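Which chain is which? The protein sequence lines are E and S, in order.
Numbering-wise (the working numbering), the first sequence opens with residue 1 and increments by one.
Numbering-wise (the working numbering), the second sequence opens with residue 1 and increments by one.
Derived by calculation from the structure, the hints in this document are not laboratory data.
These figures come from a predicted structure and were not determined experimentally.
Among the hints, erroneous ones may be present.
What the hints assert, rightly or not - A partial selection of chain S residues facing chain E, derived with a Cβ cut-off under 10 Å:
hint	residue
1	S55
2	K275
3	Y456
Think of the CB as a built atom: it goes at the ideal place given N, C-alpha and C, for glycine as much as any other residue.
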Amino acid sequence: MIEKILSALEKSGVKQYQVTETTKESAELFFIKRNLDMQRAANVRQAEVVVYQEFWEGERHCFGSSSVVVQESFTEEEMEGLFRDALYAAGFVKNEYYELYAGEENSADTGLAERVDVDLAELAHAFSAALFAEDVREDVFLNSAEVFAYREDTHIINSRQVDVRYRRSWVWGEFVAQCITDQDVETYHHFQYENLQKGNLPTEALRKKVRDVLEMTRARAEATSAAPAGEYRVILPGAFLKEVMQYYISRSGSSMIYPKYSAFETGCDVQGGEAKKDTINLKLKATVPYSSEGIPMTDRDLIKDGTLQLIHGNNRFACYLGIQPTGSYTSFQMPGGSVTIEEMKRQPYLEVVNFSDFQMDAFTGHFGGEIRLAFLYDGKSRVPVTGGSINGQILEAQRNLVFSKETQVENDFEGPAAVCLEGIRVAGAEA
Amino acid sequence: MKVKASEYLRTIKPVLVQLRDRLLESYPYVSILASDSTGKNYSVSKTSTSVRMDSTLCGRGFVVKVYDGSSYAEYSFNEIGEDLLEEIEKKIQESLRSLSEELPEGVKRSCYAMLSEEEVVFSDSTEYELDPQEYGDEAILKELTEASLEARAFSEKIIDCQTYASFQKYSKLFLSKNRDMEQTVLWMTCGIAAMASRGEEIKDCYRGFSNLGGAEVLTRLKANVAEVAGVAIELLESEPITPGEYDCICTPEVTGMIVHEAFGHGVEMDMFVKKRAQAEQFVGKQVASELVTMHDGAAAGKEVASYFFDDEGVLAKDTIVIDHGILKAGISDAQSAMYLGTVPTGNGRRESYRRKAYTRMTNTFFEGGKDSLSDMIASIQNGFLLEQAESGMEDPKNWGIQCMVAIAREIKDGKLTGKLYSPIVLTGYVPDLLQSISMVSGEVELGGGGFCGKGYKEWVKVSDGGPYIKARIRLG
Numbered sequence: 001m002i003e004k005i006l007s008a009l010e011k012s013g014v015k016q017y018q019v020t021e022t023t024k025e026s027a028e029l030f031f032i033k034r035n036l037d038m039q040r041a042a043n044v045r046q047a048e049v050v051v052y053q054e055f056w057e058g059e060r061h062c063f064g065s066s067s068v069v070v071q072e073s074f075t076e077e078e079m080e081g082l083f084r085d086a087l088y089a090a091g092f093v094k095n096e097y098y099e100l101y102a103g104e105e106n107s108a109d110t111g112l113a114e115r116v117d118v119d120l121a122e123l124a125h126a127f128s129a130a131l132f133a134e135d136v137r138e139d140v141f142l143n144s145a146e147v148f149a150y151r152e153d154t155h156i157i158n159s160r161q162v163d164v165r166y167r168r169s170w171v172w173g174e175f176v177a178q179c180i181t182d183q184d185v186e187t188y189h190h191f192q193y194e195n196l197q198k199g200n201l202p203t204e205a206l207r208k209k210v211r212d213v214l215e216m217t218r219a220r221a222e223a224t225s226a227a228p229a230g231e232y233r234v235i236l237p238g239a240f241l242k243e244v245m246q247y248y249i250s251r252s253g254s255s256m257i258y259p260k261y262s263a264f265e266t267g268c269d270v271q272g273g274e275a276k277k278d279t280i281n282l283k284l285k286a287t288v289p290y291s292s293e294g295i296p297m298t299d300r301d302l303i304k305d306g307t308l309q310l311i312h313g314n315n316r317f318a319c320y321l322g323i324q325p326t327g328s329y330t331s332f333q334m335p336g337g338s339v340t341i342e343e344m345k346r347q348p349y350l351e352v353v354n355f356s357d358f359q360m361d362a363f364t365g366h367f368g369g370e371i372r373l374a375f376l377y378d379g380k381s382r383v384p385v386t387g388g389s390i391n392g393q394i395l396e397a398q399r400n401l402v403f404s405k406e407t408q409v410e411n412d413f414e415g416p417a418a419v420c421l422e423g424i425r426v427a428g429a430e431a
Numbered sequence: 001m002k003v004k005a006s007e008y009l010r011t012i013k014p015v016l017v018q019l020r021d022r023l024l025e026s027y028p029y030v031s032i033l034a035s036d037s038t039g040k041n042y043s044v045s046k047t048s049t050s051v052r053m054d055s056t057l058c059g060r061g062f063v064v065k066v067y068d069g070s071s072y073a074e075y076s077f078n079e080i081g082e083d084l085l086e087e088i089e090k091k092i093q094e095s096l097r098s099l100s101e102e103l104p105e106g107v108k109r110s111c112y113a114m115l116s117e118e119e120v121v122f123s124d125s126t127e128y129e130l131d132p133q134e135y136g137d138e139a140i141l142k143e144l145t146e147a148s149l150e151a152r153a154f155s156e157k158i159i160d161c162q163t164y165a166s167f168q169k170y171s172k173l174f175l176s177k178n179r180d181m182e183q184t185v186l187w188m189t190c191g192i193a194a195m196a197s198r199g200e201e202i203k204d205c206y207r208g209f210s211n212l213g214g215a216e217v218l219t220r221l222k223a224n225v226a227e228v229a230g231v232a233i234e235l236l237e238s239e240p241i242t243p244g245e246y247d248c249i250c251t252p253e254v255t256g257m258i259v260h261e262a263f264g265h266g267v268e269m270d271m272f273v274k275k276r277a278q279a280e281q282f283v284g285k286q287v288a289s290e291l292v293t294m295h296d297g298a299a300a301g302k303e304v305a306s307y308f309f310d311d312e313g314v315l316a317k318d319t320i321v322i323d324h325g326i327l328k329a330g331i332s333d334a335q336s337a338m339y340l341g342t343v344p345t346g347n348g349r350r351e352s353y354r355r356k357a358y359t360r361m362t363n364t365f366f367e368g369g370k371d372s373l374s375d376m377i378a379s380i381q382n383g384f385l386l387e388q389a390e391s392g393m394e395d396p397k398n399w400g401i402q403c404m405v406a407i408a409r410e411i412k413d414g415k416l417t418g419k420l421y422s423p424i425v426l427t428g429y430v431p432d433l434l435q436s437i438s439m440v441s442g443e444v445e446l447g448g449g450g451f452c453g454k455g456y457k458e459w460v461k462v463s464d465g466g467p468y469i470k471a472r473i474r475l476g
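Work the whole structure out from these sequences, hints included.
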């Protein structure tokens, strides 16, 4: 298809472009309790073509772009028409001039051939088996689950010598655990595992996750009331710490810094110079060999002892800021903190282990969600609670962050197993 | 004017008929959903303008559903031709066989009956006033740029204003032994988000607009620029709320979020099949104040989630979910309805041809009542007017509410004080909230600016709304 696209681009007068062709295959299994309810497979190939137009608007040097999606069923004439329209539209996209990311000669990756192929049906079966291997209890069990095994080939080329390709295989799934006594409750969870290699699949990690979830769901069935409304020392497990840290990752991105949504700059103290306890250390982790623009991705230090080391992001905003583009990251790593979880729990706390949905707003710094299960420790006893919500503000909380020494590994986050936040408002039961 | 149907689907239809007939030699039930959709996303801000076709809105492709005598399986693909039919048939058979050959210990295949279908031949299109493709990228970008500039000029406190628009024009063809159905639909949305900063904290106000139709929706954007910019500045003075239970008035947009997130997801009947929804035990019982009547259906309103038939070839309906406080019925896809022995309601929807069909909401709303907004405000001693729905998460099993709104306007002694609180988390037990509804305004507004997920995926276009409602809600 790439040849047809390149020919149509030339005939339509496009000089600058990027083509990203993807072929995505999947094997999908859908379970209700211990029954396979539906099976699916998919094989879809398409390409996104971005065409660029350099022009002047008075004194202003502009570089506009417009993208189209094409696939094999399009005739070359249809493609030519779409590319001409896109080129015309790009002339009205009056973005400040920047240069397309330039690749290096002979930069085509050989990773595609080197990766070991894992059969998608085998992957789906292996992770489904792991999922149900721990589903052995009467009182708490898997209500339903979905398992998706994916393989995606990506080929990126542009008019400035970028020509890279790679293959990615991963498994994504979700499951709902249900406990029917003392009360009928459920919890929702999802998982993702990448870089899968035959004979070394992380199925044990999924089995452990299922075991932990079933225990948590059992505890939720024992929780009947919300914590009283008030301010708490809140302990959050790593999965929610990952969300909290998105504030710093977003704020250090060039797409927030260039428009001045964020005042972060290299060398600044991201905690506002007010950290009384732990400082943040954070490293961006590459999960694919190339970014969506063909930029080679490597692991990079983002924050060291609370100090910003890097502004990250795509080519365009990096060009505006006069820095090297890094590509966009989805995974990161943090070291363990200053206290053990046991030490963290010596004073009263509200440990929230499950939210219905937990969100961090990188613009306002507010984070929160509805509490599905938490443990309230008043200094004497620890009781499960459910309901109510937390509503925190990272600009206040960042002064007193405490990370656990213990760490955990999830697919896109490796770091402290818990964080303690002080003075967090909780909307709970009326006093 | 009627939206023009896909030429591509017209030319490829004979090949799809051949594929269906070949597969019917091996499988007792076969359906093919073919879709051809195009669309664009536009956005303008201080530093960035973009025009892009989005792969979630665009693409041509097919999903084949087969029944082998006991269960159903699907294959999604996007390359077809007469010369490829043998290969496609082989792929369907091989890939689906390999998936069902080896199952985890103790796991069996579900056993279903065959979907029974009356014969239906159908073809129709929605209407529009101004085709966004004819109106053109230049004109759309010009309107968005002018609105963005006007908001940025409103005050020096406005640091940026993003304006955006999207449209999708899709044609779908559903073929099975007894069905030959075609439809073409066009929807368009637009919105404005003004940002104002208070140190490191950035507050924003947005408004979204939508219609089943074309670029005529852009006129509503222009009319709201000053109000959006003004509220963004007001938000700079907002404070966190003191958590507690309050008398609240919800704007139609917030009512819509409650209808959709807190209750609607709980009556999606694939959740009944999984025993994941408390609503199943409440059918025929009082779940809300008798002032509440709730609808869902692609035929219940004319908005972005309107269509003529769903992705399983079931004609669209208007389902009354709650009638004067009594839960009457849920909504369903074809397979869930067959499992539960009910009639499918035309709510089997796919994110695209690449994904499975689930029971999904469409246009979901409360009917209007008889109260006026001014009477509602006057009736509150100490409470809030809740505005700008931000997000929500369903909990069909336990009917827990998690909804977030950006603005709570203080009401004291029957009057708005001008004081704002932000952001606000709504929590509580869904029936408690619905049964506390004590006043309902006459006007009903539907909006479909966003997409709805099932859990964290399967995004489909929905609309929701209703009147202003007065209820007792726990805020935090």
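Outcome of the hint check:
Satisfaction of the interface hint for S55 (chain S) is found here, the shortest Cβ-Cβ separation to chain E being roughly 5 Å, below the 10 Å cut-off. Look at K275 (chain S): its Cβ gets to within about 7 Å of chain E, closer than 10 Å, so that hint holds up. For Y456 (chain S), the suggested interface contact is upheld, since its CB lies about 7 Å from the closest CB of chain E, less than 10 Å.
Checked against the numbered hints listed earlier, the structure breaks none of them; every hint is satisfied.
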